[in-house]
Amino acid sequence: MIRLYDYELSGNCYKLRLLMSFLGVEYESELVDFYPGNRHKSEAFRKINPLGQLPVIDDDGLVLRDAQAILVYLASKYDGSGKWYPRDNPDLLGQVSQWLAFADAITATASAARLHDALFYTHIDVGACRAGAHRLFRILDEHLFFAEEAGQDWICPGDHPTIADIACFPYIILSEEGGISRMDYPAIRRWCDRFKRIPGFTVMSGVFPAGPAADEDSKLAS
Amino acid sequence: MTTDMHSHWYPIASSSDLPKRHVYQAKLLGREFAVWRADDGYVNVWENRCLHRGVRLSIGINDGKELKCQYHGWRYANRTAGCTYIPAHPADAPARTICNHRYPTQEVHGLVWAGETASGELPDMEGFDEVTVLRPVPVNAPRELVAQELRHYVFAEGCTSREEADGSVIVTAAGGPSVRLFVQPCDSNHSVIRGLLDQASEGAERVAILKHHNWLLEELRSRIEAAAASMETPEPMVVTIAKVSEDLVDIPPASEDGRQAELRVQVTEKAMTAEGIVSLRLEALKGPLPTFQPGAHIDVHLQNGLVRQYSLTNGPGETDHYTIGVKREPDSRGGSVAIHDGVAKGDVLAISAPRNNFPLRRDATHTVFVAGGIGVTPLLSMARTLNSQGLGFEFHYFVQSGAHVAFNQAFGEMGDAVTIHEGLSPGETGDTLRDVLKSPGRARHVYICGPGPMLEATRQIAADAGWADEAIHFEYFKNTTERDDSSSFEIDLARSAMTLTVPSGKTILDVLREAGINMSSSCEQGACGTCRCGVIEGEILHQDVYLSPKEKAEGKSIMTCVSRAASDRLILDI
Numbered sequence: 001m002i003r004l005y006d007y008e009l010s011g012n013c014y015k016l017r018l019l020m021s022f023l024g025v026e027y028e029s030e031l032v033d034f035y036p037g038n039r040h041k042s043e044a045f046r047k048i049n050p051l052g053q054l055p056v057i058d059d060d061g062l063v064l065r066d067a068q069a070i071l072v073y074l075a076s077k078y079d080g081s082g083k084w085y086p087r088d089n090p091d092l093l094g095q096v097s098q099w100l101a102f103a104d105a106i107t108a109t110a111s112a113a114r115l116h117d118a119l120f121y122t123h124i125d126v127g128a129c130r131a132g133a134h135r136l137f138r139i140l141d142e143h144l145f146f147a148e149e150a151g152q153d154w155i156c157p158g159d160h161p162t163i164a165d166i167a168c169f170p171y172i173i174l175s176e177e178g179g180i181s182r183m184d185y186p187a188i189r190r191w192c193d194r195f196k197r198i199p200g201f202t203v204m205s206g207v208f209p210a211g212p213a214a215d216e217d218s219k220l221a222s
Numbered sequence: 001m002t003t004d005m006h007s008h009w010y011p012i013a014s015s016s017d018l019p020k021r022h023v024y025q026a027k028l029l030g031r032e033f034a035v036w037r038a039d040d041g042y043v044n045v046w047e048n049r050c051l052h053r054g055v056r057l058s059i060g061i062n063d064g065k066e067l068k069c070q071y072h073g074w075r076y077a078n079r080t081a082g083c084t085y086i087p088a089h090p091a092d093a094p095a096r097t098i099c100n101h102r103y104p105t106q107e108v109h110g111l112v113w114a115g116e117t118a119s120g121e122l123p124d125m126e127g128f129d130e131v132t133v134l135r136p137v138p139v140n141a142p143r144e145l146v147a148q149e150l151r152h153y154v155f156a157e158g159c160t161s162r163e164e165a166d167g168s169v170i171v172t173a174a175g176g177p178s179v180r181l182f183v184q185p186c187d188s189n190h191s192v193i194r195g196l197l198d199q200a201s202e203g204a205e206r207v208a209i210l211k212h213h214n215w216l217l218e219e220l221r222s223r224i225e226a227a228a229a230s231m232e233t234p235e236p237m238v239v240t241i242a243k244v245s246e247d248l249v250d251i252p253p254a255s256e257d258g259r260q261a262e263l264r265v266q267v268t269e270k271a272m273t274a275e276g277i278v279s280l281r282l283e284a285l286k287g288p289l290p291t292f293q294p295g296a297h298i299d300v301h302l303q304n305g306l307v308r309q310y311s312l313t314n315g316p317g318e319t320d321h322y323t324i325g326v327k328r329e330p331d332s333r334g335g336s337v338a339i340h341d342g343v344a345k346g347d348v349l350a351i352s353a354p355r356n357n358f359p360l361r362r363d364a365t366h367t368v369f370v371a372g373g374i375g376v377t378p379l380l381s382m383a384r385t386l387n388s389q390g391l392g393f394e395f396h397y398f399v400q401s402g403a404h405v406a407f408n409q410a411f412g413e414m415g416d417a418v419t420i421h422e423g424l425s426p427g428e429t430g431d432t433l434r435d436v437l438k439s440p441g442r443a444r445h446v447y448i449c450g451p452g453p454m455l456e457a458t459r460q461i462a463a464d465a466g467w468a469d470e471a472i473h474f475e476y477f478k479n480t481t482e483r484d485d486s487s488s489f490e491i492d493l494a495r496s497a498m499t500l501t502v503p504s505g506k507t508i509l510d511v512l513r514e515a516g517i518n519m520s521s522s523c524e525q526g527a528c529g530t531c532r533c534g535v536i537e538g539e540i541l542h543q544d545v546y547l548s549p550k551e552k553a554e555g556k557s558i559m560t561c562v563s564r565a566a567s568d569r570l571i572l573d574i
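Chains as they are written, first to last, in this note's numbering: chain A, 1 to 222; chain B, 1 to 574.
In case anyone wonders, no lab produced these hints; they're calculated from the structure. Certain hints may be false.
[Claimed, not checked] To give a feel for the contact side, a few chain B residues facing chain A, derived at Cβ under 7 Å:
1. K20
2. R21
3. I61
4. D63
5. R135
6. V207
7. T419
Glycine included, each C-beta is placed from N, C-alpha and C at the ideal position.
Construct the entire structure; sequences and hints are all you get.
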């Protein structure tokens with residue numbers, strides 16, 4: 001069984017819990033005391049990931065770090081439909097990769113601001129992180145606004161979400177814990193509702209479920 | 001900030017920002033709004049705070065009829081913003097109306113408009129009958145700076161601009177098309193540019209138009225924000241949030257008004273919904289109707305001076321009207337006949353605010369409704385509530401024949417949960433009820449309403465099957481028990497420090513009223529529970545059909561309209 005080195009409050013770990021829940025993949029969580037224990041910097045954990053970062057998975061001996069990399073791996077291996085990570089569609093694959101990199105930038109800004117506010121990472125320049133997150137959110141909101149105009153629900157074209165949506169979601173939905181309001185991003189807020197309605201969606205601390213969609217609006221087939 | 005600004009209308013959203021089952025977050029002059037469209041299309045603009053713990057309602061759940069706070073599940077109704085449910089006391093939803101703050105709103109020209117105290121006309125929109133709503137562009141800059149820069153907006157050759165009386169800017173290109181640009185002042189250093197193009201568009205052309213303006217407005221934003229960054233940032237606006245009154249901290253007490261007809265409603269529909277049963281749709285003459293809870297009834301003051309109680313049949317979210325069902329009683333004392341024959345569409349009636357003495361628990365794992373004839377009305381409202389929230393229930397409706405089934409359409413929405421039992425004899429009814437009620441259990445509840453004999457039988461069957469007293473809920477529509485008012489006794493009013501004598505021929509309620517004590521009442525025959533009063537000491541002769549046997553045995557409350565003392569003296573908690 002897949003072992004996930006996991007921390008409940010980590011948005012990056014949440015990305016993997018989300019994908020495995022969407023895919024119905026079984027896994028076991030190995031909880032790492034990130035705060036206050038700082039166990040991800042312990043000698044034992046650095047032998048697993050020399051970067052001292054979560055998440056890490058161990059899938060039958062294959063040890064992988066980096067949330068985006070693990071999303072690519074899990075979707076490629078366990079998603080028979082090929083929709084979450086469309087390996088055979090170069091156009092789409094390029095776009096997915098572009099937004100995976102964008103998700104990393106969200107982590108570097110919105111997640112960092114949250115670490116500052118919620119987990120006492122006081123050395124972080126929170127003003128710069130918030131400004132950086134707002135720059136990214138403006139770009140994503142504009143992108144999603146025009147996606148809606150084109151009849152698209154998700155970050156990448158097509159009738160099904162991809163791992164790009166999963167990679168972007170956690171630190172967007174948790175942004176207010178870092179003092180980053182989403183009021184100026186109505187298209188992002190609507191996309192968050194749609195994301196929460198994907199069958200198999202799970203919550204984490206600070207993330208609330210959406211209510212059911214109106215019947216005529218529920219486009220997503222399970 | 002002057003109140004003058006607060007009385008203006010401002011666009012705060014595009015219509016397309018409000019899909020169903022979504023809650024939009026907005027800010028105007030420092031005040032946050034939770035904005036949501038109900039399934040009936042109505043747009044609600046509310047204070048973005050739950051009355052309970054102040055959590056933002058913009059993270060709540062829009063279920064199409066109500067907005068549910070994410071924190072503790074308080075529910076607020078479409079249109080009225082009245083609180084319909086407080087989970088902390090599931091057996092007793094608020095007895096009177098608690099409302100969140102609503103703000104004036106209109107939806108016109110593809111935009112949602114609001115203002116803290118907005119009144120009067122929207123800006124004159126001549127020339128903008130057909131529009132394309134541009135993508136709104138938020139700007140971190142003061143409103144005045146944004147408005148000033150909008151004068152320099154250029155989207156085609158030969159643009160000229162002019163400022164309108166409402167402060168918006170119209171930019172017209174040499175070729176003809178015009179764009180009207182509004183500024184939503186969110187806060188002292190935060191605005192949103194909202195634009196309308198004076199022509200409709202669709203398809204690729206629409207996307208091209210939207211992208212063109214979006215790009216130009218974002219470029220304009222960069223310039224405005226650069227200018228704003230070099231200026232001193234103003235302090236954020238301070239808004240006053242109305243304090244939650246002290247009494248909301250506790251379970252709200254029942255209102256102390258007497259039998260008052262404080263509302264005026266117009267009969268906007270009158271139709272036969274089943275044989276001998278007429279349904280009336282009642283709409284307020286002015287303003288919204290008070291929020292009701294499922295199980296609530298109203299007093300209807302009839303033209304002939306009679307006052308009658310009728311249960312509301314409405315489902316959740318139906319806040320713009322009340323619907324009641326009235327059966328023509330052959331031995332009517334004048335109430336049902338007056339409604340059937342004397343009330344017409346267009347008539348104005350005086351009614352009381354809804355009162356709920358038949359509350360619905362929503363913490364049950366399963367609920368069984370047993371309705372007989374016209375007893376269907378309060379149970380229908382309850383079942384619609386559970387159905388809307390996806391809570392499990394079954395509804396058994398006993399009628400003489402198919403022609404006697406009232407409110408067919410509402411039942412149609414509940415599918416398999418409803419079973420209609422037609423034309424059963426009393427014996428067959430008993431057998432059916434024994435089957436229906438064979439499985440009592442933890443967190444299972446039964447609600448019964450119907451004619452006296454059927455109600456008695458059902459209560460007995462439920463008790464025999466092992467349903468706990470607390471799990472059997474019932475409401476009589478009249479009290480047919482023989483009542484004795486021959487005794488004479490004294491009542492001590494513990495809180496009012498008065499001693500009064502109740503002579504034979506008068507009720508406790510009569511005597512209280514004569515002494516100037518404002519006691520609420522409704523049916524005045526011991527069926528509805530409105531005039532319930534606590535008893536501190538003394539033996540009670542219960543003559544009502546509201547209290548359960550257990551409550552009667554406990555002797556802690558009395559229905560002052562019919563019940564009396566069995567001892568010489570009663571000490572009442574009043």
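### Query
Is the shortest C-beta separation between I61/B and chain A less than 7 Å?
holds, 4 Å
### Message
Checking hints one by one. Is D63/B an interface residue toward chain A, by the C-beta closer than 7 Å rule?
### Response
Holds - the Cβ of D63/B comes within 7 Å of chain A, reaching about 5 Å at its closest.
#### Entry: Interface hint status, V207/B versus chain A (Cβ within 7 Å)
Constraint on V207/B satisfied, holds at 6 Å.
### Query
Against chain A, is R21/B within 7 Å by beta-carbon distance?
holds, 5 Å
### Message
K20/B was flagged as interface toward chain A. Is the shortest Cβ-Cβ separation under 7 Å?
### Response
holds, 4 Å
### Query
Should the hint that T419/B touches chain A count as held when the rule is a Cβ pair under 7 Å?
violated, 25 Å
### Task
Let me know if the C-beta of R135/B comes in closer than 7 Å to any C-beta of chain A, holds or violated.
holds, 6 Å
The structure fails hint 7 only (numbered hints given earlier).
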